[in-house]
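Given the coordinates of chain A, work out where chain B should sit on it, guided by the hints.
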Amino acid sequence: MFEKFLSFVNTLGRFVIGFFRASGDLILFTAQILLYVFKAPFYINETIRMSIEIGFYSLPVVALTTIFSGMVIAIQTYEAVSKFSAEGAVSMVVLVAVTRELAPVMAALMVAGRIGAAMAAEIGTMRVTEQIDALSTLRTNPVQYLIVPRVVAGTLMMPLLVLIGDAIGVCGGYLVGVTKMDFNATTYLINTWNTLKAMDIVSGMTKAAVFGFIITVLGCYHGFKSQGGAQGVGQATTNAVVSSSILILIFNYLLTELFFKM
Amino acid sequence: MKEKKVRISLSHVAKAFGKKQVLKDVSLDVHEGESVVIIGGSGTGKSVTLKCLLGLITPDRGSISMTTDNIGMLFQGAALFDSLSVWENVSFVMLQKKHADRDAAKKLAIQKLAQVGLPAEVADAYPADLSGGMKKRVGLARAIATNPEIIFFDEPTTGLDPIMSDVINDLIVDCVKKLGATALTITHDMNSARKIADRIAMLYNGEIIWVGTVAELDKTTNPYVRQFVAGSAKGPIKMEVKAE
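Just so you know, the sequences run in chain order A and B.
Going by the working numbering, the first sequence opens with residue 1, and the numbers climb by one from there.
Going by the working numbering, the second sequence opens with residue 1, and the numbers climb by one from there.
This is chain A alone, in the form it adopts within the complex (with noise of 0.2 Å):
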């Protein structure tokens, strides 16, 4: 019984370590890449072709995301209601739902999915053929030529791709209250003009930035630490996602409160 106590105590102990050694490691990786944005060389093609690899080709998936995302809110905001005869709300509830909650987190989540695995992937690939160590000898540092575009690039382009997604996402509850509701086209429109303030957009946004950053920094990070071969880089790819896509739900709590405090 004693001996089985020990091991649990052992196990625990493990865990706990294991636990704050990898959030150390997490934290001064994130430290070095914050002193490195600001210091020469700054490779700023890398980080325009990250941009259009992160910012444009995320476009359809984030656009499909949030189109369908605003249907849906605008079915089920009808149905809650229309039982109070408030169907006018459905083009706030659309705007506020999309704005502040649905564009950044669905699209944080599908960035995670695409850009965070493959950069997991890709990083991690050039850590177990030597050519992270290869850029080493070639008098150039690897957290500034792979890691800081590409967190630059995330932090940059997520609130864009979020901007876009708000304008698509009060599409869909558009289209779903004037084809399927009968809304008055002018009518729904003004009133989703008349709710909107700078405060929704503006929140998620800055989730969006914030969400970025996650997901480059943890997508690289994993990458960056990755070893043992193929299983190693399959591994630091799952862990990308699965962590970054923890950390942005985690995140987007705690910036809620912070905007949104009752």
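Hints are supplied without guarantee of correctness; some may be wrong.
[What the hints assert, rightly or not] The list that follows gives simulated cross-link-like pairs (lysine to aspartate or glutamate, EDC-like), each with its CA atoms no further than 16 Å apart:
| id | chain 1 | residue 1 | chain 2 | residue 2 |
| --- | --- | --- | --- | --- |
| 1 | B | K51 | A | D133 |
| 2 | B | K98 | A | E46 |
| 3 | B | K177 | B | E149 |
| 4 | B | K4 | B | D124 |
| 5 | B | K51 | A | E130 |
In case anyone wonders, no lab produced these hints; they're calculated from the structure.
Just chain B, lined up with the frame of chain A:
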């Protein structure tokens, strides 16, 4: 005769990973213009020694000094950047400079590729399109692109057929001589070691146990070196066949 300047110096270098002491006490000097090859079996610490020299791993004890930071390195798997073309790989350092002249960089890359026996047409190809031997040659072209004073070679002939291995060995000797560079190679390929080495050092159990010229290699009475050179399973070197 005047003693040549020491270019690379390892002094009592030790490195452990967890409980495993990989390097116990490695000391070795490599002189200007000299080509030294470190031989040794798998797991004896050759790669760790090289990584310590490159600054990729920090040793626990001891000191390492090099007289220059203008170095070149040929990796075991060539380690070419997949996303860049062959010429961009070769001229990588030049392209990272502010306002880099891409035409001049490409010209330099083609010249370096010619030096390792590759035609200009290869310049626009991507690493994925190349065979193992061609990748090694491109890796060599990249290693010599900055006219380095010190070049490191990590298992330069591993994974190549005997003829291509000989071609790579010849190229290494040729490039090192033309540049007047100091070279340090790690390998377990004795044919390669004999061809490219001025001096050979044997690493065993985390220590340099023997250093000598190629001629001395064949006359040595050191049982570890004799067993390794003969490639015999019988002798003082015991292979670990079960996990620790």
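Against the structure, the hints:
no.: 1; hint: B/K51 <-> A/D133; in the structure: holds, 9 Å
no.: 2; hint: B/K98 <-> A/E46; in the structure: holds, 14 Å
no.: 3; hint: B/K177 <-> B/E149; in the structure: holds, 11 Å
no.: 4; hint: B/K4 <-> B/D124; in the structure: violated, 42 Å
no.: 5; hint: B/K51 <-> A/E130; in the structure: holds, 11 Å
In this structure, only the earlier hint numbered 4 is contradicted, and the remaining ones agree with it.
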